[in-house]
Amino acid sequence: MSAIAASSPSPAPLLAVEALEQSFGGVMALAGVSFQVPAGLIYAVIGPNGAGKTTLFNALCGFYAPSSGSIRFDGHELRGLPTHAIAALGISRTFQNLQLFFNMTVLENVMVGCHLRAKTGLLAAALRLPQVRREERRLREWARETLALCELADRAEQPAGTLPYGLMKRIEIARALAARPRLLLLDEPAAGLNDTETLALRELIARIRATGVTVLLVEHHMPLVMSVSDRLLVLDYGSVLAEGTPADIQADPRVVAAYLGGAVHYAV
Amino acid sequence: MLDQLLQFLVTGITVGSTYALVGLGFALIYNASDVVNFAQGEFVMLGAMTAIALLAAGLPLPLAAGVATLLTVLVGLLLERFAIEPALGAPVVTTIIITIGAAIFLRGVAMLLWGKDFHSLPAFSGTTPIQLGGATLLPQSLWVLGLTVLLVTLVRAFLNRTLLGKALLACSFNRAAAQLVGINVRVMLRLAYGLSAGLGALAGILIAPITFSSYEAGVMLGLKGFSAAIVGGIGNPMGAVVGGLLLGVLESLGAGLLSSGYKDAIAFVFVLMVLFFEPTGLFGHKVAERV
Amino acid sequence: MRLAGLYACAAVAAALPILFPDNYFVTVVGISAGIRVILAVGLNLLMGYAGQISLGHAAFFGMGAYASAILTTRHAWPALLAMAAGLAVVGASAWLLARPILRLRGHYLAMATLGFGIIVHVVMVQATRWTGGPDGLAGIPPLNLLGWSVDTDLRWYGVVMAATLLAVWLSLNLADSQVGRALRAVHGSEFAARMLGIDTGRAKTRIFVVSALFAAFAGSLFAHQQGFVSPDSFNLIVSVELVTMVVLGGMASTFGAACGAIALTLLHEGLVVFEDYEMLIHGALLMAVMIFLPQGLFVGLSQATRRLWRAARRGG
Amino acid sequence: MPSERPLLEVLGLSSHYGPVRAIHQADLRIQPGELVAIVGGNGAGKTTLLRTLSGLHPASDGCVRFAGHDITRWPPHRIVAAGICQVPEGRQVFAPFSVEDNLRLGAWRQRRDRDWTRREQERIYSLFPLLAERRRQLAGTLSGGQQQMLAIGRALLGRPRLLLLDEPSMGLAPLLVEEIFRVIVELNSQGVTILLVEQNARAALAIAGRGYVLETGRIAKTAPAAELLADDAVRRAYLGY
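Chains B, A, G and X, in that order, are what the protein sequence lines are. Going by our numbering, the first residue of the first sequence is number 1, and it counts up by one from there. Going by our numbering, the first residue of the second sequence is number 1001, and it counts up by one from there. Going by our numbering, the first residue of the third sequence is number 2001, and it counts up by one from there. Going by our numbering, the first residue of the fourth sequence is number 3001, and it counts up by one from there.
If you're looking for bench data, these hints aren't it; they were derived computationally from the structure. Some hints here could point you the wrong way.
Unchecked claim - Derived DEER-like restraints, expressed as beta-carbon distance ranges: (1) B:Ser34 <-> X:Gly3033: 48 to 56 Å; (2) B:Gly121 <-> A:Arg1156: 32 to 40 Å; (3) A:Val1067 <-> B:Asn49: 41 to 49 Å; (4) B:Phe24 <-> A:Gly1134: 50 to 58 Å; (5) B:Val256 <-> X:Leu3011: 32 to 40 Å; (6) A:Thr1136 <-> G:Arg2202: 34 to 42 Å; (7) X:Asp3027 <-> A:Phe1082: 35 to 43 Å; (8) A:Leu1113 <-> G:His2268: 21 to 29 Å.
Claimed, not checked - With a cut-off of at most 20 Å between alpha-carbon atoms, the simulated SDA-like pairs for lysine to any residue come out as follows: (9) A:Lys1263 <-> G:Ala2127; (10) A:Lys1116 <-> A:Met1220; (11) A:Lys1116 <-> G:Tyr2277; (12) A:Lys1116 <-> G:Arg2129; (13) B:Lys119 <-> B:Gln99; (14) A:Lys1263 <-> A:Leu1253; (15) A:Lys1263 <-> G:Arg2129; (16) X:Lys3221 <-> B:Gln131; (17) A:Lys1263 <-> A:Ile1013; (18) X:Lys3221 <-> X:Ile3030; (19) B:Lys119 <-> G:Trp2130; (20) A:Lys1263 <-> G:Gln2126; (21) B:Lys119 <-> B:Leu89; (22) B:Lys119 <-> G:Thr2205; (23) X:Lys3221 <-> X:Asp3101; (24) B:Lys119 <-> G:Thr2200; (25) A:Lys1116 <-> G:Asp2276; (26) B:Lys119 <-> B:Glu135; (27) A:Lys1263 <-> G:Asn2235; (28) X:Lys3221 <-> X:Ser3014; (29) A:Lys1116 <-> G:Leu2271; (30) A:Lys1116 <-> A:Leu1164; (31) X:Lys3221 <-> X:Asp3232; (32) B:Lys119 <-> B:Arg144; (33) A:Lys1263 <-> G:Asp2232; (34) B:Lys119 <-> B:Phe102; (35) A:Lys1263 <-> G:Arg2202; (36) A:Lys1116 <-> G:Phe2274; (37) B:Lys119 <-> G:Gly2201; (38) A:Lys1263 <-> G:Trp2130; (39) A:Lys1116 <-> G:Arg2202; (40) X:Lys3221 <-> X:Glu3034.
Virtual Cβ for every residue (Gly too), placed ideally from N, Cα, C.
Next up, chain B with everything else stripped away, as it sits in the complex:
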């Protein structure tokens, strides 16, 4: 129904995860996780190491086949779909460990991101027919616009592998955005960034939301999470520990305990 529901909150959630379970050889990485992401929000998933955050992302993207449960995105069941089909429905993501195409320039990286909008056939490309040239121009323009949004315009022609780490992470975001997703998954975008870069990242995420893209964020950098998110989901041992606004979560003693660990007392 609602395509690019920008700021107006729509009653049906964009993403609805129901009782999602994921086990690896008997170990439950996700033990029945349910939550809903309304369109237009910045929704963060936090939790200690090994809580299942990245597993959740990988299940959403079709990298893993969940053992049970359902993932509905805008009316489509995602479970069982191959990754490229999920991407075609309008989900894009960045990776915790950079998965940049290091052998390409920044612009080319972002142009790969436009792949879903490219219709060039193999033969047409090999012969470089006029329609191919037109499409190349179109994709290039599109990519440049996305680079401008991410403040990377001046880096377009540089090989992606030669840039500082902070910029590489930004290119990954630009590349994901170039696919014009409706849901953008950011997996630890602030990891390895310094304070200035983190601040700029916060602004970028806000700008992305302003273009109507819903953001699902996995992040450890708590100041960033607390300041940028509309709602939070706290995972611990593969289950939902808490859900709510940043203020709710900060007031929840269970969250503090999950992070710092329970005290263990004995005579020393």
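The hints should help you fit chains A, G and X onto chain B, whose structure is shown.
Relative to the frame of chain B, chains A, G and X by itself:
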């Protein structure tokens, strides 16, 4: 008919024993370094050719065989030190090409030393065939079988019963953990290369009286050994042995029942089928945990 | 501007026979180099761009050559039709093989492609009724383009150079398009490629077929030019040499692969002088390049010279 | 005033993962006999720090001195021989080997001293009676807690002068965590110097004498453990609020 089948079986197991030894060498090196050594077949060739040359130079057979094996081990160690170690951690394509380069180099050396002619080693104990039911068996086949069983048993005992063998396996299970208990992984790497060069050389010396040898003899043997390792589940030493025997028997049956010219094709069709339908090898999982 | 390199190559290819008229070396070595360039550029699409190794590419080369040889000598087909039929057969076989084989990775893929190459080679040797067995097939007619028979070395030089430039042009176009970027993405990170909507299985399959078609085309040219084919021209060593050309050139560069092919052709010609030492030198060179210049001879050397140049300038 | 020369001295250590700076200019000092905890949130660089100390990961800058040697560029097996043994994150036992074999491999450097190895092995079994019952069992089939005990036992057989523990509590039930920490305290009281890296800050600081707070690759604070336990810096390092 039954006699014929028995004959194919006997021939297959004899040739398969060689594949098994070469495959075992592949598995050892793969375990230790994640490198598939395409020069493994050249160890086989070097063992056979050196033994033949030493014999011609007047050394008695057992001594010639021993010295040839030691020299091949030395080549294996040099290969590890000067071609593999500098490229540790390189992409798969790089290591494949390095070992292929090493294979071509060794072949070139062998050609310079011994020319392009075929050479043969005299059988260890005569050539009077032994009747076995309806099949005939060369005495050399008994040598091949007997020594293969012995060598495989020794390697197995080494891996399963000695701490050094376990340290070697530990490197392949978990390299970081092996380093954290103080195992020097480079030494283990050298051990693996030396061991598999030795196994290859012995396989070559054993089979030389049956098949003749030339500077090119290692190419097919090496590839069959690699196939054996893949069929058995790469990195699983005993799987490679079973894979080698299976390949040998299948090849011999195919050659006998279908067409002898296609025997190499039959072997590789089998390997492709295994890769397509059971990419981890026939014994990739089950045996791996028992070793 | 984009095709400046191509024009330069065309100019050199045209100038050589004018500068050295009736020079055996230029024409014959040129033809041989051209055919290798087509092979290397095609394999580079698969290996360099998509990152999938093939140690059995000589099989497609041979299938193209034998299709031409068998159809023209045994069934009296016209050369061009035989070439087209060869391309169709190779395309179809590559397509059938691609799915199961490209699911494999690394050493497994190397083994599977290598096995495929050996199987095809064995068939060439053994299916004597069709292929003439180890002796091969002779009497393959030259190409005939609308009545113009390609029957002198110089004419062949012209045709092969044109075909080579065509192959390079196609490869450059592919590389510099969304198709090429998608392939490099598959090489860079299959995860990320899929996440951007690229059907990686389909992309790999299609480039495998294209790469095989390049090889079959080269094979057909080779058969008609030589007038004779035998299994020796399509064995495992040839497959290894093809991979060497691509790697020597530095992977993922059309001109790099072409340079690799030319360098290896010249090396062969040069090593003829050394005769028995050829293998030894070839092997040692392969190892040395991979150990010391892992990005390939050309990329590696140009980086090394740049480093030296910078060091010299700093020093001075 | 400085009573002894430190056993381990880390000066300005930096370490990178590809382009990512994981450790930045870290300084550490551990006296013989101490039990020191390093606490910090996810991705603070704790594991990288230990991997760098053990030589599994190269240092990009700075130096590590241990018992009078500069071990910064030493290969891992030499560092183990010098007496730094690590219990890695996630246990990393040799899954296809038996408990007994895991321990024997732990004593790799001491393998010629059979008597010592045998005695020491029995000591580990008495420290962890659960392992003694499972000598012949494959390590991969043990529970997480048992694997952790085995990993500690294996490291102890390396004859450590300094024992590095990386997140021993990770993924374990509270009761088991208590058991593991009891053993750590006991080992320390027997004279083993211990560097304990933990996400479970409260538990770690409860048994440590001194602590360091690691925050995005930097040492943010160091103080006696009791002081850190009461300090907001720890909470901030984890939660940022």
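Now for the hints, and whether the structure bears them out:
Taking the beta carbon of each, B:Ser34 and X:Gly3033 are about 51 Å apart, inside 48 to 56 Å as hinted. In this structure the hint that B:Gly121 and A:Arg1156 lie 32 to 40 Å apart at CB is violated, the actual value being about 56 Å. Range check, A:Val1067 to B:Asn49: Cβ separation about 57 Å, and the 41 to 49 Å hint is violated. Under the hint 50 to 58 Å, the C-beta atoms of B:Phe24 and A:Gly1134, about 54 Å apart, fit the expected range.
Between B:Val256 and X:Leu3011 the Cβ separation comes to about 35 Å, which falls inside the hinted range of 32 to 40 Å. The given range of 34 to 42 Å is broken by A:Thr1136 and G:Arg2202, whose C-beta atoms sit roughly 55 Å from each other. For X:Asp3027 and A:Phe1082, the Cβ-Cβ distance of about 41 Å falls inside the hinted range of 35 to 43 Å, so the restraint holds. Judged by the Cβ atoms, the range 21 to 29 Å given for A:Leu1113 and G:His2268 holds: they are separated by roughly 23 Å.
A distance of roughly 13 Å separates the Cα atoms of A:Lys1263 and G:Ala2127; the hinted pair therefore holds under the 20 Å criterion. A C-alpha spacing of about 16 Å is found between A:Lys1116 and A:Met1220, which places the hinted pair at or below 20 Å, so the restraint holds. For the hint linking A:Lys1116 to G:Tyr2277, the alpha-carbon distance of about 13 Å falls within 20 Å, and the restraint holds. Taken as a hint, the A:Lys1116 and G:Arg2129 pair is broken in the structure, with Cα atoms around 30 Å apart against an allowance of 20 Å.
Our distance criterion of 20 Å between C-alpha atoms is broken by B:Lys119 and B:Gln99, whose separation comes to about 24 Å. With a C-alpha separation of about 9 Å, the suggested pair A:Lys1263 and A:Leu1253 falls inside the 20 Å cut-off, and the hint holds. This hinted pair checks out: A:Lys1263 and G:Arg2129 have alpha carbons roughly 18 Å apart, not beyond 20 Å. For the hint pairing X:Lys3221 with B:Gln131, the CA-to-CA distance comes to about 61 Å; that exceeds 20 Å, so the pair is violated.
The straight-line distance between the Cα atoms of A:Lys1263 and A:Ile1013 is roughly 15 Å, inside the 20 Å bound, and the hint therefore holds. Proposed proximity of X:Lys3221 and X:Ile3030 is supported: the alpha carbons are some 15 Å apart, at most 20 Å. Between B:Lys119 and G:Trp2130 the CA atoms are separated by roughly 43 Å; this puts the pair beyond 20 Å, and the hint is violated. A hinted pair counts as satisfied when its Cα atoms are at most 20 Å apart, and A:Lys1263 with G:Gln2126 qualifies at roughly 10 Å.
Between the alpha carbons of B:Lys119 and B:Leu89 the distance comes to roughly 16 Å, so the proposed pair stays at or under 20 Å and holds. Distance check on the hinted pair: B:Lys119 and G:Thr2205 sit about 18 Å apart at the alpha-carbon level, within 20 Å; holds. Between X:Lys3221 and X:Asp3101 the CA atoms are separated by roughly 41 Å; this puts the pair beyond 20 Å, and the hint is violated. Proposed proximity of B:Lys119 and G:Thr2200 is supported: the alpha carbons are some 16 Å apart, at most 20 Å.
With a C-alpha separation of about 10 Å, the suggested pair A:Lys1116 and G:Asp2276 falls inside the 20 Å cut-off, and the hint holds. Our distance criterion of 20 Å between C-alpha atoms is met by B:Lys119 and B:Glu135, whose separation comes to about 8 Å. For the proposed pair A:Lys1263 and G:Asn2235, the alpha carbon gap of about 16 Å is at most 20 Å, so the pair holds. With a CA separation close to 17 Å, the supplied pair X:Lys3221 and X:Ser3014 stays within the 20 Å bound.
Between A:Lys1116 and G:Leu2271 the alpha-carbon distance is near 18 Å, which keeps this suggested pair within the 20 Å criterion. As the CA atoms of A:Lys1116 and A:Leu1164 are separated by approximately 41 Å, the hinted pair breaks the 20 Å bound. Between X:Lys3221 and X:Asp3232 the alpha-carbon distance is near 11 Å, which keeps this suggested pair within the 20 Å criterion. Between the alpha carbons of B:Lys119 and B:Arg144 the distance comes to roughly 19 Å, so the proposed pair stays at or under 20 Å and holds.
A distance of roughly 18 Å separates the Cα atoms of A:Lys1263 and G:Asp2232; the hinted pair therefore holds under the 20 Å criterion. At most 20 Å may separate the alpha-carbon atoms for a hinted pair to count; B:Lys119 and B:Phe102 exceed this at roughly 25 Å. Between A:Lys1263 and G:Arg2202, the direct Cα distance comes to roughly 34 Å. Violation of the 20 Å bound is thereby established for this hinted pair. Taken as a hint, the A:Lys1116 and G:Phe2274 pair is honoured in the structure, with Cα atoms around 16 Å apart against an allowance of 20 Å.
At roughly 17 Å between alpha-carbon atoms, B:Lys119 and G:Gly2201 fall within 20 Å of each other, so this suggested pair holds. Under the criterion of a C-alpha separation no larger than 20 Å, the hint pairing A:Lys1263 with G:Trp2130 is consistent with the structure, at around 19 Å. At roughly 46 Å between alpha-carbon atoms, A:Lys1116 and G:Arg2202 are farther apart than 20 Å, so this suggested pair is violated. Restraint check for X:Lys3221 and X:Glu3034: the C-alpha separation of about 18 Å stays at or below 20 Å, so the hint holds.
Hint check: violations occur at hints 2, 3, 6, 12, 13, 16, 19, 23, 30, 34, 35 and 39; the rest are consistent with the structure.
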